[in-house]
Structures are given as structure tokens and as C-alpha cells.
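Visitor: Produce the complete structure using the sequences and hints provided.
If you're matching positions, the sequence shown starts at 10 in my numbering and goes up one per residue.
Simulated from the structure, these hints should not be mistaken for lab results. Heads up, a few of these hints could be off.
Below are the DMTMM-like pairs computed for lysine to aspartate or glutamate, each with C-alpha atoms no more than 20 Å apart in a straight line [claimed, not checked]: (1) K39 - D260; (2) K103 - E86; (3) K122 - D260; (4) K15 - D42; (5) K253 - D42; (6) K195 - E163; (7) K150 - D132; (8) K153 - E168; (9) K122 - D214; (10) K15 - E30; (11) K253 - E30; (12) K167 - E244; (13) K253 - D60; (14) K195 - E79; (15) K150 - E171; (16) K39 - E256; (17) K151 - D88; (18) K153 - D179; (19) K195 - D260; (20) K253 - E46; (21) K15 - D60; (22) K195 - E78; (23) K15 - D49; (24) K253 - E93; (25) K131 - D88.
With beta-carbon atoms standing in for the labels, derived distance ranges [what the hints assert, rightly or not]: (26) M204 - N263: 43 to 51 Å; (27) R209 - N104: 51 to 59 Å; (28) T176 - K151: 17 to 25 Å.
Model, not experiment: these values are computed from the prediction. For every residue, glycine included, the Cβ atom is placed at its ideal position computed from N, Cα and C.
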Amino acid sequence: MKNMRKTGLLGRRIGYSRSPEIHERLFGNKRMDITYEIFDLPREEIRAFIDSLAVNQIIGFNVTIPYKEEIISYIHELDSTALECGAVNTVVIKNGWRIGYNTDVYGFMQSLKDNRVDVRGKDVLILGSGGAAKAVYTALKKMKANIHMAFRSETRRKEFPEAITITPLDEISDISMYHLVINCTKLGSVNFDEMPIDIRNYSNDTILYDLNYEPMHSAFLRFGTSAGLQVINGESMLFNQAVKSQELWIDALNLF
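Guide: Encoded structure:
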């Protein structure tokens with residue numbers, strides 16, 4: 010156990026995360042002695058964490074709220090997908106070199122396939138503008154969706170040049186024109202179980218997707234269920250991005 014290699018999740022107030030359970034099961038299935046830990050750190054401790062990666066035998070780590078964009082300043086190299094979306098959720102350490110990836114893009118795309126949701130040529134609304142929203146935006150571009158967005162920050166508008174419309178979050182109440190509405194905000198998570206928008210009108214064909222998976226049935230998804238709509242939570246995306254993250258870490262070790 011002394012020389013056991015480590016991975017984990019960097020974020021803040023993330024004790025609820027199911028990532029350790031998923032990754033430990035995946036590593037166990039591969040019969041690999043690699044642990045997955047929670048690195049719940051305040052912003053001022055990130056530099057020290059980065060400096061201690063080698064001594065702590067950390068071969069890579071995932072990144073979640075609120076550091077998916079901030080972590081880029083600690084990365085030596087970004088892969089093309091992470092560069093495109095401007096957010097990193099997976100860091101691979103290879104010969105001391107920190108490489109940033111975004112497996113959320115793959116995870117989200119695969120989750121839509123798993124749930125048989127086709128967005129090609131359809132109007133899709135993204136709620137939020139943070140790191141998770143950037144990954145979803147990048148995925149939807151690849152899937153040829155008609156992208157609409159709603160968020161609070163005026164300064165972020167230029168970061169989403171291919172969005173057909175960008176609307177203030179508090180002005181969204183009619184979602185009837187959208188095939189899919191994706192909540193990428195923290196509203197709905199275990200710490201903020203409330204509605205991200207005040208829905209007044211919707212179509213029976215509208216699908217509600219909440220990237221939050223804890224609680225499993227957020228206020229957003231409870232609304233959808235009560236309205237008879239198809240709902241999807243973030244578990245499928247979480248699992249799929251985890252599989253891809255592990256592939257990257259293991260490839261960097263050159264074990265197979």
C-alpha cells in the first residue's frame with residue numbers, strides 16, 4: 010500500500026460526489042491498485058496541491074465545481090477538446106507534465122446516445138455559462154444542434170459565438186420551443202436544491218436534463234416528472250466521463 014498510486018477529484022464542497030465509488034469500482038474491475046480520493050480544497054490551497062502531486066504519487070485527477078476553468082492556469086498543455094471549450098475536468102500527469110483534457114464533452118454526448126436523444130438540427134437550451142456549460146456547448150456543436158443559452162453574466166456572451174440566442178436566465182419561462190433543456194448551473198445540486206428557471210410554458214415533447222446527480226431527483230427534474238416530461242439526470246454523463254478519464258490515466262502509465 011505504501012507505493013499505491015492515487016487519483017482523485019479536485020473541487021470545493023464536494024463531499025457528496027459519487028466519483029470515488031465509480032472510479033474505485035472501475036479500477037477494481039481492472040485489478041489495479043490505484044485509489045481515488047476527494048481533494049476538497051479552498052482556492053488558496055490549489056498551488057500547494059499542484060506542487061505536491063509527485064510526492065503524493067498522484068498520476069492524475071478530475072476537476073469539478075468551481076475550478077474547471079481556473080485549473081487551466083496550472084496546466085502545461087491542453088488537448089484539442091479542452092482548448093476548444095475552455096474548461097478542464099481531467100488532468101493527466103505524464104513525466105511531470107500536466108496535460109488538461111475535457112472528458113465531460115464525451116460523457117455528455119454518450120449520455121444522449123444512451124438515452125436515445127437526437128439533437129441534430131433541433132433547438133436546445135443550455136442554462137448556465139460555467140465550465141460544465143462550456144463542455145455541453147462544445148458537445149452540442151459537434152452534434153449539430155441549434156444552440157440557445159441563458160445565463161446571468163453579460164461578460165461571458167463572447168465565449169459562446171455560435172449560440173443563436175443568449176437570454177438572461179431570469180427571463181426564461183417559456184421552454185416550449187426547445188427539444189432539450191439542460192441545467193448546467195449549480196441550482197439543483199445537493200447544496201442548492203431549487204429551480205434554475207421559473208417554467209410557465211412547455212411542450213409535451215420537451216426533455217429536461219440536469220447535469221446535477223445529487224439529489225437524483227432535483228427540483229428541475231421533479232417539475233419535469235410531474236409534467237409528464239422525459240427527464241435525465243447527470244449520472245450517465247458522470248459515468249461515461251469517468252470511463253474516459255481512466256483510459257487517459259492508464260494510457261499515460263503505459264501499463265498495457
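Visitor: Would you mind confirming whether the straight-line C-alpha gap from K131 to D88 stays at or under 20 Å?
Guide: violated (28 Å)
Visitor: Given the hint that K122 pairs with D214, does the C-alpha gap stay at or below 20 Å?
Guide: holds (17 Å)
Visitor: Going straight from one Cα to the other, do K195 and E163 come out at no more than 20 Å?
Guide: holds (18 Å)
Visitor: Evaluate the given range 51 to 59 Å for the C-beta pair formed by R209 and N104.
Guide: For R209 and N104 the Cβ distance comes to about 55 Å; the hint holds.
Visitor: With respect to the beta-carbon atoms only, verify the hint that M204 and N263 lie 43 to 51 Å apart.
Guide: holds (47 Å)
Visitor: Check whether the Cα positions of K15 and D49 lie no farther apart than 20 Å.
Guide: holds (15 Å)
Visitor: Is the Cα-Cα distance between K15 and D60 20 Å or less?
Guide: Roughly 15 Å between the alpha carbons, so the hint for K15 and D60 holds.
Visitor: Check the hint pairing K195 with E79 against an upper bound of 20 Å on the C-alpha distance.
Guide: Within the cut-off at roughly 17 Å; holds.
Visitor: Measure nothing beyond the straight line between the CA atoms of K195 and E78; if it is 20 Å or shorter, mark the hint as holding.
Guide: Distance ~15 Å between K195 and E78 Cα, so the pair holds.
Visitor: Check whether the Cα positions of K103 and E86 lie no farther apart than 20 Å.
Guide: holds (11 Å)
Visitor: Keeping to a limit of 20 Å between CA atoms, is the pair of K151 and D88 held or broken?
Guide: Status holds; Cα separation ~16 Å.
Visitor: Are the Cα atoms of K39 and D260 separated by 20 Å or less?
Guide: Holds, because 13 Å separates the two Cα atoms, which is no more than 20 Å.
Checked against the numbered hints listed earlier, the structure breaks hints 3, 12, 13, 18, 19 and 25; every other hint is satisfied.
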